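Enquirer: Each chain, letter by letter, is given below.
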Amino acid sequence: MRLLIIEDDRESADYLVKAFREVGHVADLASDGEEGLSMAEGGDYDVLVVDRMLPKRDGLSVIGSLREKGNRTPVLILSALGQVDDRIKGLRAGGDDYLPKPYSFAELQARVEVLSRRNVGPAEETTYRVGDLELDRLSHRVARGKDELTLQPREFRLLEYLMKHAGQVVTRTMLLENVWDYHFDPQTNVIDVHISRLRSKIDKGFERPLLHTIRGAGYMIRDGLR
Amino acid sequence: MTAFGKLIRTTAFRLTLVYLFLFALFAASLLGYFAWNTRRLINEQITATVNVEIAEITDIYTRRGLRGLVFTIENRALRPGANLYLATTPEGKAIGGNVGSLSPGVMASTGWSETAYRRLDEQDTADHRALVRVTELTNGFRLLVGRDLEERRRLFGIVANAAQWSLLVVIVLGIGGGIFVARRVLQRIDAMTGTTRRIMAGDLSGRLPVGRSGDELDRLAENLNAMLERIEALMMGLKEVSDNIAHDLKTPLTRLRNRAEEALARSGSEGDYRAALERTIEESDGLIRTFNALLMIARAESGQARGNMDDFDAADVARGIHELYEPLAEDDGMTLRVKTASAPLHGNRELIGQALANLVENAIKYGKPSPVVQPLDPVAAARTREILIEARREGNHVLLSVADHGPGIPEADRKHAVERFVRLEASRTLPGSGLGLSLASAVATLHGGELRLGDSHPGLTATLVIPARSAAGDRLAAQTPDVPQKVA
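Residue numbers (UniProt numbering), protein chains in the order written: chain A, 1 to 226; chain B, 1 to 488.
A portion of the hints provided could be inaccurate.
Said to hold, decoys possible - With a Cα cut of at most 20 Å, we get these calculated EDC-like pairs of lysine to aspartate or glutamate:
#1 A:LYS89 x B:GLU283
#2 A:LYS201 x B:ASP285
#3 A:LYS201 x B:GLU150
#4 B:LYS6 x B:ASP272
#5 A:LYS204 x B:ASP331
#6 A:LYS101 x B:GLU330
#7 A:LYS101 x B:GLU283
#8 B:LYS368 x B:GLU330
To be verified - Short, incomplete list of chain A residues facing chain B, as computed with Cβ under 8 Å:
#9 ASP85
#10 ILE88
#11 PRO102
#12 SER139
#13 ARG141
#14 PHE156
#15 GLU177
#16 TRP180
#17 TYR182
#18 HIS194
#19 ARG197
Since the hints were derived computationally from the structure, they do not count as laboratory data. Note that this is a predicted model, so its numbers are computed, not measured. Every residue gets a Cβ at the ideal spot worked out from N, C-alpha and C, and that includes glycine.
Could you put the whole structure together from the sequences, leaning on the hints where they help?
Expert: This is how it looks when you write it as structure tokens:
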């Protein structure tokens, strides 16, 4: 995956480039808004990671002029302004996701991979399959092998989101945002409890577990080990 | 600027001038109308009297001839305050009456005219003016009857005099009143300015003087005082936050630093390092959470989050939070129930959700029944492990409450419990930032409501009381006053 990171703080920029390269992505760096805009227009990137406050041209205006020119590359906004209304402002300006600083790299990586154009998953498909687990989005039926599973509506949406991004790490905050539509950070392990309930329904009694916990990052649904 | 310059620049003084001009104009037109009407009335009276006399005298002339005519006008001319009479032959020679001289040509034409005249018996040389009517009798004789206009002139003089004096009085009183009012206003404004200067210089406890008259300046002073009250509270809050940050954030930071140092000094295995680093990340995540919560509270309290408000039903939020926390409560051996009725709100759904989530987390964490006083009856015992989320509307307010059956908070501690970082003795050993209730309270305040802590016998009932959305769709009644974003 090709990434463009537009970030003016040298140290965090270098850290990001290095970290993304280590996990196997190609990451370019622009250190101000003007440079970022011209690189984003010229290069064929899968995801842009844009800091909100940049010299020469601020992040939101970079995104705005890209969108004006019809560039639809997914954008993740990084910002020290982490409040709800700032996030909404960022998304309105054309960003696709918003991550407040300070963030963990695992969170950033998970979000970037989900955003990436290459990974625009089976969004239009009506049936998701992972191993022998099958989820029908229209009839709301879930089955593993020959067994029909009964899920609560919210468990269904949780599984749907996980399966939509099968093979990708999904963090707790991503689940809270996308399944529950809340953007705050609960102080307790409230998501873990939901996951363990779901796990007991889809994995319990089966030989091969599908729902995996990725330590320090989140969860992933996939068939067997990579 | 000189004191006088300042005075005449005041709104009060300028308004006075405008009113003065308008009033003078009004007085002048009133007097003018009066004068014109009086003149008309006097003219009408004279005309009527003269017409009657001419008719009478003409009648006498036709019945008794020239002798009767002369006799009548001589007779009438002798009465005190008599009219003017003159009869002439066709050649223009006077044959009777009391008129000595007239403007030339008056007798030549019949009808009405205004003329200068002199009476026969008068010695002074001053001319008088009269309104006269000349008629032609048979045989070419002419008759003049008229009345002196002195009365009319005097009346005009009185009106003109009155106009001069009243204009003078209006102007003097007006300017004097203007200066008086302007000075009074200016004195009070100066007092206010002085106080605000002192306050701006840093003395936030200063307040503007409020008079007893309840006029617009008093109301302004009251409002400014309320604003100062809020600014002072915000500044106090800010100071409190920074004190608390210093105290409560430094403790975990110190712990973090100590652990890192310890791990370095011990130079253990890779596993040890890993464990130490993981604990460090955990600790810093906790710090970030505390920091975010503090920022959120500060924003809610300063009213900045008011931009993102829309209409929603608090019942949906209650059900959503119930659905989110129900498994967690069950894992903890508690039962989370929800009871909702329609509760329309205008507000920040995200913040209300977070406030309610904090209350539920608190109830799960601290709302466990004390093991000592467990009822023996299993049904009653199960009830004590129950947490109830309730959303309903009561009058003009929406109530979002979370009730548990734990130890509760003693009444004396309730006010204290809402403050930042306060963790009551009983809960010191449990993890948490101590910001849950203060965030909930700040969110309630942002929406013009409050957080109430009550008793659920036993246990704590925490209720967000927020003004409901009216049928019209907006909720403007109970907003807290807007506060400028930069105070200092």
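Enquirer: Run every hint past the structure and note whether it holds.
Expert: Now for the hints, and whether the structure bears them out:
1. A:LYS89 x B:GLU283: Measuring from Cα to Cα gives roughly 30 Å; hence the hint is violated.
2. A:LYS201 x B:ASP285: violated, 31 Å
3. A:LYS201 x B:GLU150: Violated - the C-alpha atoms of B:GLU150 and A:LYS201 are around 121 Å apart, more than 20 Å.
4. B:LYS6 x B:ASP272: Violated - the C-alpha atoms of B:ASP272 and B:LYS6 are around 78 Å apart, more than 20 Å.
5. A:LYS204 x B:ASP331: holds, 18 Å
6. A:LYS101 x B:GLU330: Status violated; Cα separation ~33 Å.
7. A:LYS101 x B:GLU283: holds, 16 Å
8. B:LYS368 x B:GLU330: holds, 12 Å
9. ASP85: holds, 5 Å
10. ILE88: holds, 6 Å
11. PRO102: holds, 6 Å
12. SER139: Constraint on A:SER139 not satisfied, violated at 22 Å.
13. ARG141: Where the cut-off is 8 Å and the nearest Cβ of chain B is about 21 Å from A:ARG141, the hint is violated.
14. PHE156: violated, 13 Å
15. GLU177: It is violated, given that the least Cβ distance between A:GLU177 and chain B is near 11 Å, above 8 Å.
16. TRP180: A:TRP180 check passes; min Cβ-Cβ to chain B is 6 Å, inside 8 Å.
17. TYR182: holds, 6 Å
18. HIS194: With a minimum Cβ separation of about 6 Å from chain B (threshold 8 Å), the hint on A:HIS194 holds.
19. ARG197: Holds, about 5 Å.
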